[in-house]
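Student: Read off the chains here:
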Amino acid sequence: MGNLDKLKDIWQNQKESTIQFTESDINKMVHKKSSSIVKWILIISILEFLLPNIFLLFTDFESTKEVYQDYGLSNLVLFYSIVHVLVILGFIYLFYKNYKNIHAECSVKKLLQSILKTRKTVKYYVYYNLIMAAIIGVHMFYLIFNSQIFIEKLPENVSMLAVWSISLVILSIAVLLFWLVYRLIYGVLLNRLQKNYIELQK
Amino acid sequence: MTKEFEQQFVSELEKNQGIIHKVCRSYTNNETAHKDLFQEITIQLWKAYPKFRGDSKFSTWMYRVAFNTAISLYRKSKRSVETTQIFDNLKELEFHEYDDTQDKQLQLLYNAIYSLNDIDKALALLYLENKSYKEISGILGISEVNARVKMNRIKTKLKNILNP
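First to last, the protein sequences are chains A and B. Just so you know, my numbering puts 180 at position 180 of the first sequence, and the rest follows in order with no gaps. Just so you know, my numbering puts 140 at position 140 of the second sequence, and the rest follows in order with no gaps.
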């Protein structure tokens, strides 16, 4: 351990840093905006909460209502809308609670935990959206494919099996694509934190 | 927040800035990044200051916020240029980096710490600062037993890097 004691000596006898700040420098710093990851988590999370719903703003409600009625989807849409709003509120509440728990003065492990937990809330929200998209998609296909209008329009030489297969493949690809893109964004933001958290657990 | 409260914080920080510089030098490899990280740590300390009640030592509290910023919160930003401009009245001490063996060895030591991962950097720094297992466990949020195990590992790592 002799060598290590020498290292300690060198460390403890080090002169003041060559960079020194005066009180007025520090005063200016205090009023600067933080560029911490927490700010990005908030911005990205809000976007994630908004994005799955934003397309609703551009929907032509009157004409979609007619389509829903024609295909017998009105009740379904109403049911899922109510569930969706309740779930969003639940997620926003959880997110806010976890977000408020991020404090720079807690221990290193606790901070990593609370950041990862906050992000996990949003991750589950995004997964919820993807799963719901799949469920609603299949449910809608079922109602549409069995509706009178659809059956009348369908050419005779096309089998229902083919219609179902193609629809499900397209739906799966869409969901999978979203999931991959999301994993990528999520990874970029939190890779380092996850690595550090695992390192601390060892 | 009152002006006096802010002034109290600023002067306390000015006196204890050595701690932050050590953390910055361990986690960055150039002056611009060092100053940028220093600024972010200062902002985080100031945000946390109202909650500092003196249950722990000011220095322990500073370490915790500084490590948290360096390990978890800080993301290299593009404001480095801007940061450099703010400190035009920076009081630079005379720069005598390599004029004696002590400084050279210190530089090597910092290089060794910089080559470690984020968590090990903190462990190495706390080891060199002679912190107790209790204090280390409090800063990192791990058990004292785990702190002891990690300390032994970091000693071996430092030895391996500096004396191949």
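These are calculated hints, taken from the structure and not from any lab test. Don't be surprised by glycine CBs; every beta carbon is placed ideally from N, CA and C. Treat the hints with care, as some may be off.
So these bits of chain B aren't anywhere near chain A, every CB distance computed over 10 Å [stated by the list, open to error]: (1) 18; (2) 52; (3) 103; (4) 144; (5) 163.
Subject to a maximum C-alpha distance of 35 Å in a straight line, what follows is the list of computed DSBU-like cross-link-like pairs (lysine-lysine) [unchecked claim]: (6) B/22 <-> A/8; (7) B/159 <-> A/32; (8) B/131 <-> A/6; (9) B/57 <-> A/117; (10) A/100 <-> A/110; (11) A/39 <-> B/47; (12) A/65 <-> A/100; (13) A/202 <-> A/120; (14) B/15 <-> B/104; (15) A/28 <-> A/15; (16) A/33 <-> B/51; (17) A/8 <-> A/120; (18) A/8 <-> B/3; (19) A/6 <-> A/109; (20) A/120 <-> B/157.
Student: Which earlier hints turn out false for this structure, listed by number in ascending order?
Tutor: Those not satisfied are hints 1, 2, 3, 5, 7, 12, 17 and 18.
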